[in-house]
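**Q** In order, the protein sequence lines correspond to chains Y and G.
According to my numbering, the residues represented by the first sequence are 272 to 853, in order.
According to my numbering, the residues represented by the second sequence are 194 to 408, in order.
Among these hints, one or two may not hold up.
Simulated crosslink set (DSS-like; lysine-lysine; CA at most 25 angstroms straight-line) [to be verified]:
| no. | chain 1 | residue 1 | chain 2 | residue 2 |
| --- | --- | --- | --- | --- |
| 1 | Y | Lys431 | G | Lys252 |
| 2 | G | Lys375 | Y | Lys714 |
| 3 | G | Lys199 | Y | Lys310 |
| 4 | Y | Lys814 | Y | Lys837 |
| 5 | G | Lys199 | Y | Lys431 |
| 6 | Y | Lys424 | G | Lys405 |
| 7 | G | Lys256 | G | Lys329 |
| 8 | G | Lys226 | G | Lys290 |
| 9 | Y | Lys825 | Y | Lys762 |
| 10 | G | Lys199 | Y | Lys307 |
| 11 | Y | Lys431 | G | Lys329 |
| 12 | Y | Lys670 | Y | Lys572 |
| 13 | G | Lys329 | G | Lys394 |
| 14 | Y | Lys851 | Y | Lys837 |
| 15 | G | Lys199 | Y | Lys424 |
| 16 | Y | Lys424 | G | Lys202 |
| 17 | G | Lys371 | Y | Lys714 |
| 18 | G | Lys256 | Y | Lys431 |
| 19 | Y | Lys689 | G | Lys350 |
| 20 | G | Lys394 | Y | Lys689 |
| 21 | G | Lys405 | G | Lys199 |
| 22 | G | Lys256 | Y | Lys307 |
| 23 | G | Lys256 | G | Lys199 |
| 24 | G | Lys329 | Y | Lys424 |
| 25 | G | Lys394 | G | Lys350 |
| 26 | Y | Lys431 | Y | Lys307 |
| 27 | Y | Lys572 | G | Lys405 |
| 28 | Y | Lys670 | G | Lys405 |
| 29 | Y | Lys431 | G | Lys405 |
| 30 | Y | Lys431 | G | Lys202 |
| 31 | G | Lys202 | G | Lys256 |
| 32 | Y | Lys307 | Y | Lys501 |
| 33 | G | Lys256 | G | Lys290 |
| 34 | Y | Lys750 | Y | Lys762 |
| 35 | Y | Lys307 | G | Lys202 |
| 36 | G | Lys226 | G | Lys371 |
Computed spacing ranges between beta-carbons, pair by pair [said to hold, decoys possible]:
| no. | chain 1 | residue 1 | chain 2 | residue 2 | range |
| --- | --- | --- | --- | --- | --- |
| 37 | Y | Glu675 | G | Phe347 | 30 to 38 angstroms |
| 38 | Y | Glu675 | G | Ala238 | 52 to 60 angstroms |
| 39 | Y | Arg304 | G | Phe364 | 53 to 61 angstroms |
| 40 | G | Arg379 | Y | Tyr720 | 28 to 36 angstroms |
Just so you know, the hints here were simulated from the structure itself, not pulled from any lab data.
Note that the structure is a prediction, hence the values are computed from the model and not measured.
Ideal Cβ positions, reconstructed from N, Cα and C, are used throughout, including at glycine.
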Amino acid sequence: MLILLFISSGLFLGWSLGANDAANIFGTAVGSRMIKFSKAALIAGIFVILGAFLQGSGTTNTLSQLGSVDAVGGAFTVALCSALVVALMTRFKLPVSTGQAIVGAIMGWCYFTANPVDYTVLTMIVGSWISGPILGALFSALLYILLRNYIRKSHIHLLKLDSLIRYGLIVVGAFGAYSLGANNIANVMGVFVNNVSFSVNIGTLEIESVSVLFLLGGVSIAIGIVTYSKKVMETIGTGILAMTPESAIVVVLAQALVLFIFSSTSLSNLVQSIGLPAIPLVPVSSTQVVVGSVIGIGMVKGVQEIKFKMIRNIVAGWVVTPILSGVSTFFALFFVQSVFGITVTNSIIKDEAAELSSARESIINIPVEMVNNLIVILLFVLLIVTVFLFFRYQKNRLKLKENEKRWTEMVNYTDVRKSLNDIEVSTIQMENDTLVTRLEERKRDLITYSLSIGEQRQLLSSICTNLYSAITESDLKQKNELLQTEIRRIKQKMSFTNEVERIYSEAEQVYSDFANRVHQKFPNLTVQDRRLMVLLRIGFSSKEIAPILNISVKSVEISRYRLRKKLNLSQDDNLVDFVKSM
Amino acid sequence: MLFFAKANKSIELIDQFLNGVDQSLLLFKEGVKNYLYSNTENFNANLQSLAASELESDKLRRKIENTLFSQSLMPELRGDFMRLLEELDNIIDQAKKNLFQFDVEMPHIPAELIPDFIRLTQISVSAAESVIPAAKCYFTEPVNVNEKIHRVYFYEKEADLLADIIRRKIFREMPDLKLSEKFHLRYFTLHIEMISDTAEKVADLLSIMAIKRVV
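Bound-form chain G, shown alone (with noise of 0.2 angstroms):
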């Protein structure tokens, strides 16, 4: 329809952009799994694409604002919605510097925390995964995003509690391991659990988004 054509490409343009947060995360994911597994030339790949994957989330990101303020759409709300997409795209900044970061440092991880990285991981990202339908549904539904969001506040709490029994085990456990081994691997629990504090952030925001939208 002509009348909405303006509208219709933002949207698309919103969609690839989410699209492409979500990819990030799985991304990710599978980069820690294939370090933690010693799977060097698919964790290089994951971060081969990780990196294109970010630089294309800049691209776009720097094209939806473009959009919307040549076109001045949403003047109401466009200050916030800027916000959401940069708070968005900071997770997988987050994601890929976290990447990158196994890549240079290796850190030497125990076999016996391994599991219990990939739980973390997984839960982080989880709680990131969750802002993705709670960001879609601000634009159509937002009486419905506080729903939506409370499983990025669940995510993240979990995150922050293996996060600590990690950090105990770390610490109190393996008096095996170096002292700098241990800050090594407390520092990587850290940025891991970065990508869910990232996420709680931009639900924080959607709350709020949600609240003066709502009619």
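Chain Y with its partners taken away, still in its complex shape (with noise of 0.2 angstroms):
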């Protein structure tokens, strides 16, 4: 029980591994919905688990050649401090390795109980760092141009390349997380196997503490995925994986062989047996190898579409990571050392004060040295980096700027033409009614004139018979009688009641409201007053007045000279312009 107290906080890291880790395999697919997250989960938990216990050993040797802790408080405290470096580093969103966290442990750890340092083995393990994204980035700018030939020769129907994309995220995935469980599965118990010796028995069976602990350390992967990677396959559509599926499916097949090369001792032996050098097994970053996996497809279809941003979070990544981890560690062995009186080292123990000392020695004289080297190089990459991303980040401010601006002027082009449009629109329109109306008003005319051409000959027809009786007719009284009757309705029709009426009507349509204004300005005038101002209004002259109304021009004259003394005119002033302005 007390063994499963002190890996717990291995099992803490295998489960934040299984957590972070498995969107990398399956997150594509899941957060796309081609592949349900039960489905997902379960095949990355089964091929991890056996990745873990097939094929871990590997990478779990290099970690103890770089330092070898040999303590069981030692281990759970490094392990616990990795732990809690890759969950703050989540927390930032940065591309975080358990590998470089834990490296970053053990050499904290080494410092602190002064424990020698293979630097060997170290700078094979920061080379693998760099060389597993790069080794991405080739890897998947080979299979992405192989697969592109293929659809583009292949002439596949889209709903075709889509289930086969479908089953190969699922096989693909399942190797990918072969791989994560066999490269990774050192991170989470590479410290704990030099310092825990049991073995469980079952039936004849004898399983060594090695692979219960990979066991148990692939276990907490799985559960990792299952329990809280959904949250994060769900929203990894709108991070470094939110891409096509043919894109998906080269990420997740380069990253997995990535981390296959990287932990696997036979293709390690067969490279060796060939006369090459022994390739080495190192934990990468998953997530890293994403990135530079990503990063290769960008490159091949084109340099715009590589992310900057992306290779600036894996170098902070780098430097960023161990040196947390490292100082984390070393101030947590203190604390556990000196509060709880844990032994995180057996080394001190074992040796007198004389060893103490010369191990002083070592901690003050060789790491010193190399540290001080280590922080001068670091200065400088960060250095470099931070003037690089200051000058990428001045570029991308400009070019966003650059873009809004562009997208501004795009947008209010747009909306002064839909107003354009919409004020044509609505002049069409009014047009078209305009028109309307006048063709309505033309066919009303056209009526009432033919009307008044059937009536009128219909009157001058009854005049002509009846004139032809009167002379005809030989009794003078009757005939004068006859004559009289029809002057009468000559006189009649000749007033034209109907037609002036028309013409007070029109022109209140035409100069709209002008007799209610006169009305009101006067309401003394009588209606033959308001009569003559209309027909003022229109433009008529005295003479032109005098047939409309049926009086003499000297009567209108005369009505004229009336109404200027109703409207209180003097002398300068003219009737025809005040009726005009009203």
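With the hints in hand, could you dock these two chains into one complex?
**A** The structure is reproduced here in structure tokens:
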């Protein structure tokens, strides 16, 4: 049980690894609903355990060579600090690697306990952090070109391609999970391997402690996948894996290959057997390999697609994670040893004061020189990264500003075009309405004129008939009577009452509300005066008004004089101008 | 192959739908011709067939959408694909609506305009017909979609030009026509022209979709 308590920090690290890194394998597939989460989690869980159990020893040995954590208390602290750093970096959305965290923590342990650090192994490990993403980029670029050529040449239907990718993502995802388990189990259980020794008997089968630890580590990763990776997978659609299914399958395969290469003992032996240098078996960050793979695809598609922010984050991860992990482990070990009195290393306890002093010497002499150099290098790298980032930021800012400006211009232009179109439409609509109204009026006029012609023809024909009767009449009295009747009828018709009424009503329409305004301003005017004003408003002269009103020109003049009086106009005022100004 | 069973079923439905669009366009073209030459019986038959075709296409569209959703096919491209189906369906709707307008409003088309109207119908329908091979190409060779859709743009532009010529002729060279008749003819020119405009919308959409799909 005590062992379980100590390895709990490793299990926690395994859980967070599962929660975060499973999204690199099945993120796109689950996020885009190509595969159900339950199916993805089951496959990933099984294959992670298999990878850890069957192929986890290679990377674990490398970590042991870096610095052999020789006390279970130290191992617990190392794993716990790594897990906390991973959690912290995840919080800030940096592509964190459990491998980098554990390496930093082991270094912290080494410095604290004055244990030697194998710098050859460290160089090899750091080299793999750089070569991992580069190899991922190369693999993904190559695989992407192959896949693109296949799709273009095969003319496969989109839906069939969709099915193929769906099944492909499951197979590649399983391979990716296996490689993840094989490569990253060292991060989870590596530090405990040399400190825990027991065996489990199942019937005749005896399982060694290393295998049990790998199994437990694998299970913790699987639990991480099942319990927490769903959230990460569902939000990955907007993250680095927001890509087409074709790109996703390439990225996952490239990542799986890189992790497999850096964890396969058999492959390393095979390479060695043909005279080539052995492949370093080192835990690599799957997230960083994924980022490298995405960049690889970007390079094939065009340089514009490369997100330099990703490279910045990777470099930040290389620098920040080990330092943070190492420093926190250093202080945590001090705390664990001093406060709880837990042994963090066996080498110091065994040795006597002489050994302690030599150890101190080694702490002071060798590492300080190295640390100083390392700090200088790190500062230099940080300076370069900062300058680079500053220029990138400036460039991006300017680009963003320019894009924003262009966008605003485009929006404005569209708005103007839209309003112009609206205006054009409304103008046409109005034009149409006016034309329709005019057409209606013309039709009405035509009907009225036709009716009027008919009516007048009838009247004239009736007058003609009566005049003929009068001519043929022998009785003089009768004759005069007939002629008088016809003269009356003609005079009656001469008044043109209807036509005159129409003139007034149409004038009212043209000079809207004129009669009302006159009535309101001069309520004492008679109907005859108001009619005279309407005719003056139209612009008729006295000569023209006389026949309309059926009076003489002289009478019109008198009426105009009376009107001037009623309107209180002086001799200098022009009556027509006054009427028109109303 | 069992591996592609679901995909094959959906492919079959999509092909049926595209064939339906093609058939509807043919019916529209024939319908307009029959109306212009006063073949009332044939026109009515075209009208009925087009209505049936439109109904069938609607059903097929819904079936395809259901299949895509229920089987989670093409999750990345599904949204765009749905829009494509809707826009294609709009072409059929437009054709049906136009032919019904001929039936209801019975526009008086002067004999000298009949050849122009027939030409306009043919060009406008050609624009819409050119969309179908482009849509089929999107599924198998997205790289070549742009080559196919340039025909749509060409026909659309031609349809626009011809429609302008017809409208000019109606309003400037035909004083004997009543204004109301001129309006009526103008609207029918516009209705026919709309088929090519809808086709242009589909072409725009296809162009964007192809860019997204090119690996």
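**Q** Any hints this thing doesn't respect? Which numbers, in order?
**A** The structure breaks none of the hints.
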